[in-house]
Structure formats: C-alpha cells, structure tokens
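Let the hints inform the model, and build the full structure from the sequences given.
Here the protein sequences line up with chains A and B, keeping their order. Going left to right, the first sequence walks through residues 1 to 225 as the numbering used here numbers them. Going left to right, the second sequence walks through residues 226 to 855 as the numbering used here numbers them.
Hints were generated in silico from the structure; no laboratory data involved. Given the structure is predicted, the values throughout are model-derived calculations rather than measurements. It cannot be assumed that every hint is accurate.
Calculated cross-link-like contacts (lysine-lysine; reagent style DSS-like; alpha-carbon spacing at most 27 Å) [what the hints assert, rightly or not]:
id, chain 1, residue 1, chain 2, residue 2
1, A, 176, B, 713
2, A, 153, A, 190
3, A, 193, A, 147
4, A, 169, B, 651
5, B, 542, B, 480
6, B, 713, A, 84
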Amino acid sequence: MSSCRKRCKRELLKFAQYLFRFITGTLNADSVEDELELSAARHRPEALEQLEAQTRFSRKELQILYRGFKNECPSGVVNEDTFKEIYSQFFPQGDASTYAHFLFDAFDTDHNGSVSFEDFVMGLSILLRGTVQEKLNWAFNLYDINKDGYVTKEEMLDIIKSIYDMMGKCTYPTLKEETPRQHVEIFFQKMDKNRDGVVTIDEFIDCCQNDENIMKSMQLFENVI
Amino acid sequence: MAAGVAAWLPFARAAAIGWMPVASAPMPPPPREKRRGQDGLIILNVSGTRFQTWRNTLERYPDTLLGSTERDFFFHEETNEYFFDRDPDIFRHILNFYRTGKLHYPRHECISAYDEELAFFGIIPEIIGDCCYEEYKDRRRENTERIQDDEENENNKDLVLPELSFRESMWRAFENPHTSTMALVFYYVTGFFIAVSVMANVVETVPCSSGPNRAKEVSCGERYALAFFCLDTACVMIFTVEYLLRLIAAPSRYKFVKSVMSIIDVVAIMPYYIGLVMTDNEDVSGAFVTLRVFRVFRIFKFSRHSAGLRILGYTLKSCASELGFLLFSLTMAIIIFATVMFYAEKSSSASKFTSIPAAFWYTIVTMTTLGYGDMVPKTIMGKIFGSVCSLSGVLVIALPVPVIVSNFSRIYHQSQRAEKRRAQKKTRLARIRATKSGGANAYLQYKRNGMLADAEEEASKEAGKSLVCKINPTFETQHHHLLHCLEKTTNHEFVDEQTYETNCMEVSLTKPSMSRSSSLSSSPHGLSSCCTRRNKRKSFNVSNSNMVGGRRGSIQELSTIQITERPMSNSRSSLNAKFEETLPLNSEEQSYITAAVISMPTPPVTTPEGGDSASSPDFLQSNIVRVSAL
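This is how it looks when you write it as structure tokens:
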C-alpha cells in the first residue's frame with residue numbers, strides 16, 4: 001500500500017515537473033552528446049629510431065607513413081568508426097564495414113579499441129616486409145575472431161561473408177545465399193586435414209605452404225610502399 | 226574516390242593479404258610501377274611567392290592540374306620549380322585544399338576571380354566545404370544577376386535585335402513594355418483605359434442633379450446612359466483586343482489561359498458580353514446587375530502595371546495558412562462570445578439578441594472595437610461579458626497579426642533559403658557524385674577497355690585509348706588492381722547497375738517456366754544458374770530448349786549447374802569436390818536428386834566455349850536417363 005502511494009507521489013512529481021517545463025518552455029539541450037566528445041587522447045608515437053628498430057621500414061618510409069597517418073587522424077589514433085569509413089572508401093559498391101571490423105581487431109594488437117601509429121606500422125611491417133610464415137600467421141590471426149588458436153567454421157563463415165559483402169549487390173554472377181557457405185566448405189576441405197571441424201595454425205601454415213597459388217599471392221604486395 | 230584517403234591505399238592493399246588464403250582463383254599480377262616517384266618537396270612559385278609541399282600531397286587529387294602530369298607544362302628548368310603566373314593570394318586556398326581536403330571560399334575575394342582560379346587549376350567549385358558553400362553560391366548568383374542586368378541595359382540601348390519572329394517580338398513587347406516605344410504606348414494606353422473604365426463604374430452611381438421637374442434623383446449612369454454605354458463599349462473593345470493579341474502572341478497558349486492575369490482579363494470583359502446578350506430579358510436583369518459588380522475586377526488589371534500589387538498578391542497566397550489560423554481563432558471566439566451574450570441577454574425584454582447568429586454581429590463589432598451601438602447589452606451579466614468580449618477582441622486580433630507578419634517574413638526567407646539550398650544541393654551532389662563515380666565506374670570501364678591485360682599491352686592500349694585515364698595515374702591502377710584481387714577472391718565480378726537489372730529481369734522471366742517443374746524447393750538455386758546460363762552467350766541453347774520441357778526441369782537444374790560452374794573451377798577435382806559439398810548443404814533437395822549427383826559420371830572436360838553443342842545433348846540425355854532409372 002505504501003509503495004503504491006510512493007509511486008503515486010513520484011508520478012505526481014514528475015507530472016508537476018513536466019507541467020513546469022511545459023509552461024516555462026525550457027529547451028533541453030542534448031547534454032549527452034556534449035559529454036560523449038571522444039576523449040581523443042593526443043597520442044604521440046614512439047621515437048623514430050625505436051620504430052625503425054622494431055619494424056622493417058626505413059626512416060624515410062616511416063616518415064611517409066606517419067605523415068599520411070597523421071594527416072588523416074590528427075589525434076594520432078584511429079578508432080573503429082573512422083577505420084571503417086576509410087576502408088569503405090575503397091569499396092564503393094559494397095559494404096566493407098564487417099571486414100573492416102575484423103581488420104581493426106587484427107591491427108589492434110593490444111585490444112584497447114584504437115589503432116595507434118605503432119600498431120598500424122607493425123601490422124604493415126608484417127604484411128609488406130615479413131616472411132611468408134609471419135604473413136600466414138597474421139592471416140590466421142585475422143580469421144581467428146575470438147583469438148583462441150582455432151578457426152571454426154562459423155568464424156570462417158563470418159570472414160567469408162564479410163568479404164562477399166564488399167562485392168555489393170551488383171555482381172556477375174549474382175550472389176546466392178549459399179555461396180559463402182560453399183566457399184567455407186571448400187576452404188575447410190583444403191585446410192582441415194584431420195577433419196576435426198577446426199583449423200589450427202599448423203594445419204593452416206602447412207596447407208598454405210603446399211599451395212602454389214597462395215604462396216605466389218603472398219608475394220604480391222611486396223613493393224607497395 | 227575521396228582522394229583524401231589516397232594515403233591509406235597502401236594499407237588497404239596490404240590488408241588484402243587476408244584474402245589470399247581463401248581466394249578461389251589466382252590473383253592478377255600487380256601493376257608495374259612505371260615511375261617510382263620519390264616523395265620529395267615540390268616548389269610552386271606563384272608569381273614570386275614560393276609555396277612548398279610534398280609531392281604526395283599534390284598527388285592526392287589526380288584529376289586536378291597540380292595532381293596530374295599537367296603540371297609538368299609549368300616546370301621551370303632553370304630554377305627547378307613549377308612556375309604559375311597566377312594570383313598567389315587565391316592560390317593559398319587552393320593549396321590548402323590539397324593539404325586538408327577542404328576548399329574554403331575567402332569572403333573578401335571577388336567571386337569571378339576565384340572562379341577563374343578554380344577553373345584554371347581544375348577544381349570543381351562544388352567541393353567547397355559546407356562552411357563556405359552557401360556564401361559562395363549567393364555571391365555567385367548575385368554576380369550573374371548583376372552581369373545579366375548590365376547585359377540587359379546594353380541590349381536595350383541597341384535596337385538591332387536577333388531574329389525574332391513577329392509573334393515572339395509581340396510577346397516580348399507585351400511582357401517588357403520598355404523594349405520599344407510601341408509597347409510603351411500600348412502599355413500606357415491600356416493603363417489609361419483601365420483607369421477610365423473603373424472611374425466610369427464609380428461615377429455611374431453618383432446621383433446627378435436632376436432637372437427641377439423630376440421627383441427623385443437619378444444616378445448619372447441613368448441620366449447619361451448612352452454616354453456611359455459608349456465609354457464602356459470602347460473600354461471593353463480595347464480590353465478584348467488586348468486579350469486576343471496576348472493570346473495570339475503567347476508562346477504557350479495553354480499556360481497563358483491558365484494564368485491568373487488572363488483569368489482576370491476574362492472576368493473583366495465577360496459581363497459586358499453577357500449583358501449584350503441578355504439585355505431584353507427582364508427576369509435575369511437582377512443577375513445582370515450582379516454581373517456589373519464583376520466589372521470592378523478591371524482594377525486588378527493594374528497588377529500588370531504595378532509590381533507592388535503582384536508582391537502583395539504573392540504575399541497573401543504564401544501566408545494563407547496563417548490567415549486561415551487567424552480566421553479560425555476569430556470564429557471560435559465569436560461563437561463562444563455570441564453564445565454567452567445570447568444566454569446572458571435572454572432574460573432582458575425587447576433585447577436585440579434574438580438568436581445566437583444575431584449575436585454574431587454584436588460580437589464581431591465589439592471584438593474589432595468598432596462598436597456601432599446598434600446592439601447593446603442591457604443586463605448586468607451581459608455588460609460584464611460584453612466588456613470581456615471587447616478586451617479579448619483586442620487580444621485575439623492584435624496577437625496573431627504580428628505573428629502573421631513575422632511568420633510571413635520568416636517563412637518567406639526560409640522558403641527562399643530552403644529552395645535555394647535544395648536546388649544547390651541537388652546539382653552540387655550530382656556534380657560531386659558524377660566526378661566521384663568516376664571512381665566506381667572507372668573500374669568497370671577499366672575492365673571493359675580490357676586494361677587488365679598484360680602490362681605491355683596495357684601500355685599500348687593506354688596510349689591508344691586516351692579517353693579513360695591520363696597516363697600513369699598510379700593511384701587508379703593500384704586501386705583497380707585491389708578491386709580485381711577482390712573479384713578473384715570471391716570468383717564474382719563487379720557489374721554496373723544496368724547489367725544487374727537486366728539479370729534480375731531475366732531471372733523473373735525464367736521463373737514461370739521453372740514453376741512448372743516438380744515441387745523441388747531448389748528453384749532459387751536453379752534460377753540463378755538459369756540467369757547465369759542466359760548471360761553466358763555460349764552454346765547453351767540446347768539446355769534452353771530442354772528447359773521448356775519443364776517436366777525434367779529439376780534435372781536440368783543440376784546439369785546446368787554443372788555446366789555453368791565448370792569454367793569457374795580450374796580443375797576437375799575441385800569440381801567433384803564442389804558437388805560432394807552440395808550434398809549436406811542442399812537439405813531441401815529430395816533424396817533422389819542427391820543420389821543422382823553421386824551416380825553421375827564425371828563429365829567430359831569439353832570447354833563450354835568450344836560451342837560443342839553436339840556433345841552436350843548426349844551428355845544431357847545420358848544424365849536424364851540415369852536419373853529416371855532411379
């Protein structure tokens with residue numbers, strides 16, 4: 001009984017407040033948005049010498065990379081939304097946001113929600129200047145969404161679907177529902193040697209090293225920078 | 226392609242390594258780096274002021290002068306810099322565009338000078354950022370109007386006009402009276418006659434002094450009936466002639482007849498003609514008199530002569546909703562107070578408030594503070610309510626009027642601005658999209674021109690086909706290579722909207738024939754393969770004709786699946802693998818179909834491009850036989 005009365009009182013108070021506000025006509029500014037101003041941490045990268053030591057880029061290359069990076073992200077870090085936006089610009093016909101999300105997770109090695117210049121340049125160093133082993137490692141890390149060391153069919157399906165999403169709607173032949181699933185099956189057919197439903201890093205690396213096409217394509221982007 | 230992200234292309238290409246292990250087809254070779262441009266400083270000397278920037282900064286926008294090889298034309302060997310003989314102050318903004326990606330319009334600069342610089346450096350003005358775009362467009366419009374006015378003044382001075390047909394020149398004379406003296410004369414004559422006609426209408430009713438032997442006074446109209454009739458006839462004749470001439474000269478007669486001015490013209494002269502027809506009929510003389518009232522509409526003909534009147538008319542039209550609101554609130558107040566006054570005054574004897582509608586008159590007169598005094602409340606309650614009524618009348622009327630005025634001014638400016646912005650936005654976005662969908666369509670065009678061929682052929686083709694890209698846009702080729710890699714990974718190709726639409730249409734066309742087949746729910750699977758089959762203009766006509774059979778539709782699906790997917794896979798082994806895959810997946814399929822899949826012989830590896838239609842029917846027949854045996 002008392003709770004009912006309390007509730008009544010509360011409702012009455014709210015109504016009175018509402019009436020007051022109605023009469024005086026206060027403009028409720030969206031205070032929420034003001035506070036959500038991203039605390040864009042001004043991030044300064046490590047010194048050039050350190051980065052030079054840690055990555056396989058030369059000084060000049062690092063300079064070029066940093067200038068480009070800083071120009072796009074003056075605050076020094078990329079958050080996921082900016083990342084998705086930038087990546088989507090390259091694939092105007094489809095939806096690149098899912099794949100960009102996976103990429104972001106792969107680059108954000110310390111999982112703090114933002115990619116700093118160090119993360120960026122480390123990732124690029126592996127991808128462009130690393131050994132084939134390192135590249136395959138990186139790819140496996142990309143596919144392993146929950147980072148548990150095993151790539152399951154569901155994870156692979158997510159990745160493949162996100163790649164197909166980038167193609168968009170207007171493709172030839174028209175994308176069917178089962179195409180990603182079939183693709184996953186083919187992949188597992190190739191990679192999963194012991195047929196246990198998951199692909200481990202060793203199976204993956206072994207299998208890729210035996211596949212000529214994959215080996216060749218890994219060397220594709222050597223001269224990007 | 227937003228070139229601001231050109232800096233990220235290396236990253237996007239590196240990330241493409243993630244596709245490699247899952248790719249279904251081998252990747253295309255990377256584009257050859259034709260010119261390993263070192264990222265150095267470029268000196269831009271603009272009329273003595275030296276600007277320096279990185280080469281990469283300029284190359285962010287490869288479709289502008291500074292970003293493309295066009296700048297080589299301005300290279301000055303002696304000083305090893307690029308020299309431009311242009312305005313350095315405006316160049317500062319242009320260079321900032323390359324640096325920040327946003328183009329700003331400096332307010333103190335002349336708009337045409339700015340436009341010229343933009344045009345010289347190959348930058349479309351639509352890229353101007355939101356902060357400055359409205360100002361830019363306003364100034365531009367102002368400028369064009371100013372130039373137009375100047376031109377018009379120029380044109381009016383010289384009487385040598387371009388070839389205008391007689392009709393067009395007549396229309397021009399009517400619309401702009403200051404173009405020729407004849408038009409001016411006509412303009413003033415019609416104006417004069419409108420005034421005369423209106424004055425005659427007015428004077429007609431004034432009582433003229435009657436002769437001493439007349440009992441009652443007669444109006445001037447009745448006394449000098451003939452004179453007024455002649456005057457009226459003359460005016461109406463002039464108006465008729467004018468209307469007919471306008472009708473003949475109008476470029477679009479239908480539009481002219483619909484316009485407000487012509488309706489006013491018609492209404493002004495109709496009563497006279499109707500009166501001519503009906504003069505001798507006494508019954509309708511009352512109506513005839515009413516028609517005379519319409520003659521006063523002639524005064525509206527003045528709106529052709531007065532711009533102010535036109536603006537007022539437009540104002541009222543645009544403010545209609547506010548006026549309606551005023552009327553509505555007034556009506557509410559009138560009804561309320563009339564009711565109250567009626568019931569208040571009901572008790573008093575010989576009160577004039579006989580009914581509520583009768584009280585309306587009192588309320589209106591009181592609320593507008595007229596106070597004629599013909600109806601007055603006598604009871605105390607009536608007087609109290611009467612005073613409340615008059616006070617509230619002031620409020621009710623006084624309040625909406627400034628609201629209407631300010632509303633009108635606000636709405637007018639807002640609609641002007643909204644219209645402006647909408648018009649700007651559409652064209653602006655369209656233009657930006659057009660230059661950017663260079664990006665999306667560039668790749669398709671790139672493919673269509675067969676530029677994915679070998680590098681040597683590429684060079685020669687590029688030289689030949691100058692329409693698509695400028696020589697060596699590195700960014701473009703790398704981006705296209707990236708998209709090509711994606712295509713190879715997924716084994717699907719990018720197509721443009723039109724092709725995709727036609728594909729979908731064909732799918733829907735083949736749908737009815739599919740429905741005739743047995744109740745297999747694998748039709749969506751088959752449909753898309755039908756679609757692909759149609760599109761591959763290879764020798765699959767045989768399968769087509771078998772399709773019409775319908776009864777064996779389901780089997781056709783499988784065989785067509787087989788045929789169409791063959792060119793995709795490179796090895797027979799993977800083809801078989803694919804079919805074993807379909808086993809667990811297509812659970813909707815009936816069991817006998819899956820059995821048929823297993824028992825199907827490995828198809829002969831005849832290339833479908835070979836056009837070997839002779840072998841394919843045998844193959845199909847053998848398949849069909851097998852299935853039916855099951």
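Hint numbers not upheld by this structure, sorted from lowest to highest: Every hint satisfied by this model.
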